[in-house]
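Enquirer: These are the residues of each chain, in order.
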Amino acid sequence: MPTRSDPTPMDVTREVINVLDEVLSLGGRAASFTRETHLLGAIPELDSMAVATLITTLEERLGFVADDDLDGEAFATVGALADFVSAQIAQ
Amino acid sequence: MPLRPPPMAGSFEPRFITVDDTPLGARLLLHHAPAQARARGLVLYVHPFAEEMNKARRMAALQARALAAAGLAVAQLDLLGCGDSAGDFGDASWARWVDDVVHAARWLQQRHPARDGESAPPLWLWGLRAGTLLAVAAGARLAEAGSACHYLFWQPAPLGKLLLQQFLRLRAAGELAAGQAKAAMEQLRAELAAGRAVEIAGYTLSPALCKGLEQAELKPPPAQPPGRLLWFELSAVENPRLAPAGAATLAAWQQAGWQVQAQAVQGPPFWQTTEIEDAPALLDATARALLAPPSAQPAATEPAAA
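Chains as they are written, first to last, in the numbering used here: chain A, 1 to 91; chain B, 1 to 306.
Hints in this document: simulated from the structure, not taken from any laboratory. Predicted, not measured: the structure shown is a model, and the values here were computed from it. Ideal Cβ positions, reconstructed from N, Cα and C, are used throughout, including at glycine. Among the hints, erroneous ones may be present.
What the hints assert, rightly or not - Per label pair, the in silico range of CB-to-CB distance:
1) A:Glu45 <-> B:Gln110: 47 to 55 angstroms
2) A:Pro44 <-> B:Asp84: 37 to 45 angstroms
3) A:Leu26 <-> B:Asp84: 34 to 42 angstroms
4) B:Ala236 <-> A:Ala90: 25 to 33 angstroms
5) A:Gly27 <-> B:Asp21: 50 to 58 angstroms
6) A:Val65 <-> B:Pro207: 17 to 25 angstroms
7) B:Ala145 <-> A:Pro44: 50 to 58 angstroms
8) B:Val237 <-> A:Met10: 15 to 23 angstroms
9) A:Thr34 <-> B:Gln224: 47 to 55 angstroms
10) B:Ala236 <-> A:Met10: 18 to 26 angstroms
11) B:Leu291 <-> A:Thr37: 39 to 47 angstroms
12) A:Gln91 <-> B:Asp21: 44 to 52 angstroms
13) A:Ala90 <-> B:Lys219: 19 to 27 angstroms
14) A:Ser48 <-> B:Ala190: 23 to 31 angstroms
Start from the sequences, fold in the hints, and give me the full structure.
Expert: What follows is the structure in structure tokens.
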């Protein structure tokens, strides 16, 4: 579609941080997150169900369908997650 | 969230309509009569997929009563295999669901016909999530038959493919973070491709249902002339913004000549929350937009988060 413009990497990172805060009910704590912030294993709220909700919410907000074979590495840090999402959008 | 008392409402009657002569032909319609003799408009609610329908039932009922109290005739339809309609979920196909919506819309129009010298009350198809995809598919059929309609979307789902993927993934949720989801997903897809139904979260999904959902898109139907599109998204954050995901779809409707109003309002995702929750801001915004004359509304769309 001619009007379609994919979000920039910075937009994606910002959206990822917003969605983390919303899905994990962090109450604004995510505002201090950077690309280097660790996620899986570092944030107790991020369990396996939260991972599923997180990816679902990102898909719906940003309009992509994630591959079936996504793995834990995509959830290691904010930056890894943003890069994963950007790559999925670009597909 | 505090529960609000139900708004004052006209009467409502549950009734069955017959969509075909098979033993699976009965559909439940909950008809909310308008609070005045002549309906200002007709609104048909098309529910979302599987468990989301049950979660959303309260919000749908609250909105239906509020609109009926304001003079609109509203009907809530249970699709084949859902709620109190005939059949099991496994009997459903996408095409039969679209038929159900068309039949219910015609029933509503026949129940509230044009009076002498007046035009027929405008018809709105009101969808939530997967219901938005069914609404446009049914609306296209109604338009072909000369019956144009307007659309009210709650949390629209631009891609049916995404909804299906997410539902299939429920089977693999535990394996997602461990990277083990792929095998489970591949097995589900192989079952469907072989023409076999799959069972997920207590729901049996026929291949015909999955295929139709997967191919469904929120494209503007060729109504003559284009009507109004009210598009509402919910977000739990303060100062919610429209999701970037819908931008291309909204632009397509505007380019096709539809009068589009899109808005993000604050509230919980009541179609999936563990407890039944209300989104009062959505109820208010919906009633305001639907009841306002179109000319009094800004046709603009608030900018999506870029």
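Enquirer: Could you check the structure against the hints above and give me the numbers of any it violates, in ascending order?
Expert: none
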